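J.: Could you slot chain B onto chain A? The hints should help.
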Amino acid sequence: MKQKNTKNKSKKKTSIAIKKNRRVYLDYAATTPVRPEVYQFIKPFTIKNFGNPSSIYLEGRIAKQALEQAREKIAKILNCQTHEIIFTNGGTESINLAIFGVARAYKKFFKKPRIITSQIEHPAVLESVKKLEKEGFEIKYVSTNKFGEVNLQELKKYLNNQTILISIMYANNEIGTIQPIKKISKIIKNFRQKKYLPFFHTDACQAANYLDLNIKQLGIDFMTLNGGKIYAPKASGILYKKSGLSIDPIIFGGGQEKNLRSGTENLTSWMGIAKALELTQKEKNSEIKKIKQLRDYFQKNILKIPKVILNGHPQKRLPNNLNIIISDIEGEALILELDKAGIAASTGSACHSHSLEPSHVLKSLGLSREKIHGSLRFTLGKYTTKKEIDYVIKVLPKIIQKLRNLSAINFTEKN
Amino acid sequence: MKITKKQKNKKADIIQNKIPWIYSNIVKKHFFNPKNFLKPEEEKSLKFNAYGEAGSPVCGDLMKIWLYIDPKTEKIKKCRWKTFGCGSAIASTSMLSVIITEKSGMKINEARKIKPQDIIKRLSGLPDIKIHCSVLGDQALKNAINNYLKK
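Protein chains in written order, with the numbering used here: chain A, 1 to 415; chain B, 1 to 151.
For reference, chain A alone in the conformation it holds in the complex (with noise of 0.2 Å):
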């Protein structure tokens, strides 16, 4: 945490490092910080290379060049074709691509076309199949069971001659629960044979770190990536989508990213988000061992504190996430508190949202409301450390302890 700070006398002004002031963050799945290698090796294309990869001369050139190194690069760690990729601005863009753009272009196919997603997905999924709804398509949301596995008898179920789109998700952002990918594009497999619909869209924001990303294995038409979860820079995004189906675009203008993303190219982020999966997709098995070790270390000894109770599956779960219950009190003034002992987490609870609704994921895992507003999340990164972890092992009961006291309830349920 200490670091030396020599070359930063001339910005004394405007920014001051903190040396003193502990800051622990373990909120990884929110966002991640670019790390050194992706941010050297994006440098030159902010201040020199910066032309624009539609232009023919020399600048744009050198940027065009850049960017189909890129996907080139990208292509290779998900084993697909180049022309399979298409950059976006994050992952919410790229999963609206998917949904909207199957959704407009098979619409006027079908009489009561429906969509199959499930009950957890991210918001950027809900919102985009709550939209459609409205247009007049119909929407089915898999239940999930207590772990947050997705029921795979009912998705079969859902299976009908009308279905144009499944979009499950890879890994939960809140739990960490991992969805058998794989099984899922077998049953739709088994369910479309020689037909070509329907399609298959996964969300692999959360699991790029951690998960196997081979395109071929997976079984999957659409995959969303994210460079803002894997050390890249924010708002740099990958839509992966699979050789020959056709989508409607839904931003319009000079026609890049093959007509399915107008707008100028974002070269520097995307530089980096190729970047970015090629290192953490390398790294990922030592990455996965260290991790884990530490998380389990982790989850051991919050675990010991009582009426604290563990969320999504014991075992198949990102081995970064560790999201727990704490009874008798409430998320955001937990987080407040944490923020105060300088850690950083995040919290599943109502205060802590802009609609005043607690998560949606924990409602799908069956608990009750009021637990659901004692929900905290713990999420691992590349530079966690023991010596963290160790830190909120420590400070973690003292702070529960101070708001158990507070507070006016006090369930006497065991563990």
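Don't read these hints as lab results, they were simulated from the structure.
Treat the hints with care, since some could be wrong.
Covered by chain A, according to a simulated footprint, are these stretches of chain B (three or more residues, beta-carbon under 8 Å) [unchecked claim]: (1) 49 to 58; (2) 61 to 69; (3) 73 to 80.
Predicted model only: the values in this text are computed from it and were never measured.
All residues carry an ideal CB built from backbone N, CA and C; glycine is no exception.
T.: Quick look at chain B alone, frame taken from chain A:
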């Protein structure tokens, strides 16, 4: 430019230069150092003659309030509370307890007239989204006074 191994494994320092807190400074003070809440060691020995509550844990906020009202003067001499809720819920109950016990205590007929806006004003304001749900102290107080008067 090459990256050293040291740089590789170290994250950037967080820059924090006069970043405002999410609520006002008064809310901050009352949240981190709440006044008049019922401490566990007081629970058995507390002398009170009025009790009230408001809210529900399902909605995310529950407040309980204990008062000692002087039967002769009808002034609130002592107030203790407990709150399950977010930061502004805790701070607003703390502030309410200060309002009704300061200056030798508020008369109960005046205390009954306290509105959420009165508490919010003393807290230097709250975000709009928080006003409805987190200021329930006045209801718990009214409930306590009504219970006292029914006796």
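J.: Hint compliance check: list the failing hint numbers for this structure, sorted ascending.
T.: Number 3 - this is the single hint that the structure violates.
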